[in-house]
Amino acid sequence: MGFAPAASHRRRQGGSGWLEFAVSAVVIAVLAAVLLPALLAYQALAEKTAVDLTIMNLRTGLRLRIAELILAGREREVAGLAGANPVQWLEHPPERYLGEIDAPEGLGRIARGAWFFDRRRLELVYRVNHESWFAPAPGEAAAVRLRVTAEGLPTGNGALSGVALRVTRDYNGR
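Heads up: the sequence shown begins at 1 in our numbering, then just goes up one per residue.
If you're looking for bench data, these hints aren't it; they were derived computationally from the structure.
Don't take every hint at face value.
Mimicking SDA-like on lysine to any residue, the simulated pairs with C-alpha atoms at most 25 Å apart in a straight line are [said to hold, decoys possible]: (1) Lys48 to Glu100; (2) Lys48 to Leu35; (3) Lys48 to Thr149; (4) Lys48 to Pro104; (5) Lys48 to Val30; (6) Lys48 to Val34; (7) Lys48 to Gly61; (8) Lys48 to Ala84; (9) Lys48 to Arg112; (10) Lys48 to Ala141.
Construct all of the structure, not just a fragment, from the sequences and the given hints.
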């Protein structure tokens with residue numbers, strides 16, 4: 001009876017081979033190719049939702065300011081809100097708010113995802129972060145633009161019947 005040495009019965013034990021590594025890399029690449037467009041779409045949707053919520057908050061702030069003026073008997077001052085920076089009526093400015101600036105033409109020097117009030121155009125502007133999901137006019141940067149405008153007819157006491165926050169350039173590029 002002969003016994004073979006123990007070393008001859010040992011199997012090769014070690015890390016994964018190159019074949020297993022290549023298969024894993026291919027699987028990860030396929031998953032990334034499938035999931036990345038969906039992830040980008042969800043990021044763009046989240047950005048649009050955040051912009052829409054900010055616009056709703058701005059409109060609420062404007063309504064509260066109008067109510068304050070009316071309750072104080074200062075209805076004539078409502079018309080003076082047209083062209084104002086609506087951020088002043090919020091408790092906190094939107095995230096990444098740059099303040100009131102004279103915006104450069106084309107917005108190329110403004111960071112994506114930033115808000116600012118353009119003093120020259122009297123507009124609150126949001127520079128869109130995911131530009132591939134926005135269709136700007138030719139030669140324009142992707143941006144949402146808002147303006148406080150006078151609305152309605154003059155009342156008997158010489159005041160306008162109201163003002164509104166209007167979107168002058170919508171998220172979809174219109």
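Results of checking the hints against the structure:
1. Lys48 to Glu100: holds (22 Å)
2. Lys48 to Leu35: holds (20 Å)
3. Lys48 to Thr149: Judged against 25 Å, a Cα distance of about 23 Å means the pair holds.
4. Lys48 to Pro104: holds (24 Å)
5. Lys48 to Val30: violated (28 Å)
6. Lys48 to Val34: Satisfied, since the Cα-Cα distance of roughly 23 Å is no more than 25 Å.
7. Lys48 to Gly61: OK: Lys48 and Gly61 at ~20 Å, within 25 Å.
8. Lys48 to Ala84: OK: Lys48 and Ala84 at ~24 Å, within 25 Å.
9. Lys48 to Arg112: holds (13 Å)
10. Lys48 to Ala141: The hint holds at about 16 Å.
In summary, the one numbered hint that this structure violates is 5.
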